[in-house]
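J.: Sequence:
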Amino acid sequence: DERHEAVEEGRGEAGRHGGDKRRAVGQLRAAFPQVDFSRIASNDDAVWTPLREHKLLVAQRAARLLQHIGRCAEQRVAVVTHSSFLLTLFNAVLRTDEAPELRRWFETGEMRAVVLAFPLSQ
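Residue numbers (the working numbering): 27 to 148.
By construction, these hints were calculated from the structure, which means they are not laboratory data.
Every value quoted in this text rests on a predicted model; they were computed, and no experiment measured them.
Don't take each hint at face value.
Unchecked claim - Taking lysine to aspartate or glutamate and the EDC-like style, the derived pairs with C-alpha atoms no more than 16 Å apart in a straight line are:
(1) LYS47 with GLU79
(2) LYS47 with GLU35
(3) LYS47 with GLU34
(4) LYS81 with ASP46
(5) LYS47 with ASP70
(6) LYS81 with GLU35
(7) LYS47 with ASP71
Claimed, not checked - Label pairs and their calculated CB-CB ranges:
(8) LEU146 with ALA89: 13 to 21 Å
(9) ARG102 with ARG130: 22 to 30 Å
(10) VAL141 with HIS43: 31 to 39 Å
(11) GLU136 with GLU28: 15 to 23 Å
(12) ALA57 with ALA118: 27 to 35 Å
(13) GLU28 with VAL141: 15 to 23 Å
(14) TRP131 with GLY96: 22 to 30 Å
(15) ALA67 with ARG42: 20 to 28 Å
(16) ARG130 with ILE95: 18 to 26 Å
(17) ALA56 with ALA85: 31 to 39 Å
(18) ALA125 with ALA72: 30 to 38 Å
(19) HIS80 with THR122: 16 to 24 Å
(20) ARG55 with VAL141: 26 to 34 Å
Quick reminder that beta carbons are idealized off the backbone N, C-alpha and C, glycines included.
I would like the entire structure built from these sequences, with the hints used as guidance.
T.: So, in structure tokens, the structure goes:
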């Protein structure tokens, strides 16, 4: 069985552009009934402001997303998000020294298969 989960940590950069503002969770639940929105605490977008979100904050959210993924039981996870978020994830959070091609910009609709290793819990 596949599971669809929306998480605030995986969203694109917030702020400045109206298109970067998330719709209310109630509207999203109605439009996407197959998605679990329970991990999003606020019905309204609590991240968006008129100012562009700083890349450091995006990187911190990306790190939290990886922590969440590392705790998931699933062995295969698809992350569907904006290319700017992925650029920050692959350039500021993940170690990509052995695969520098992962640091390049994601094209529209591009998919990449990546294997991540998570440290074992102590």
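J.: Give a verdict on every hint.
T.: Consistency of the hints with the structure:
{"no.": "1", "hint": "LYS47 with GLU79", "in the structure": "11 Å, holds"}
{"no.": "2", "hint": "LYS47 with GLU35", "in the structure": "14 Å, holds"}
{"no.": "3", "hint": "LYS47 with GLU34", "in the structure": "12 Å, holds"}
{"no.": "4", "hint": "LYS81 with ASP46", "in the structure": "15 Å, holds"}
{"no.": "5", "hint": "LYS47 with ASP70", "in the structure": "9 Å, holds"}
{"no.": "6", "hint": "LYS81 with GLU35", "in the structure": "13 Å, holds"}
{"no.": "7", "hint": "LYS47 with ASP71", "in the structure": "7 Å, holds"}
{"no.": "8", "hint": "LEU146 with ALA89: 13 to 21 Å", "in the structure": "18 Å, holds"}
{"no.": "9", "hint": "ARG102 with ARG130: 22 to 30 Å", "in the structure": "23 Å, holds"}
{"no.": "10", "hint": "VAL141 with HIS43: 31 to 39 Å", "in the structure": "33 Å, holds"}
{"no.": "11", "hint": "GLU136 with GLU28: 15 to 23 Å", "in the structure": "21 Å, holds"}
{"no.": "12", "hint": "ALA57 with ALA118: 27 to 35 Å", "in the structure": "31 Å, holds"}
{"no.": "13", "hint": "GLU28 with VAL141: 15 to 23 Å", "in the structure": "19 Å, holds"}
{"no.": "14", "hint": "TRP131 with GLY96: 22 to 30 Å", "in the structure": "25 Å, holds"}
{"no.": "15", "hint": "ALA67 with ARG42: 20 to 28 Å", "in the structure": "23 Å, holds"}
{"no.": "16", "hint": "ARG130 with ILE95: 18 to 26 Å", "in the structure": "22 Å, holds"}
{"no.": "17", "hint": "ALA56 with ALA85: 31 to 39 Å", "in the structure": "32 Å, holds"}
{"no.": "18", "hint": "ALA125 with ALA72: 30 to 38 Å", "in the structure": "34 Å, holds"}
{"no.": "19", "hint": "HIS80 with THR122: 16 to 24 Å", "in the structure": "22 Å, holds"}
{"no.": "20", "hint": "ARG55 with VAL141: 26 to 34 Å", "in the structure": "32 Å, holds"}
Violated hints for the displayed structure: none, as all numbered hints are satisfied.
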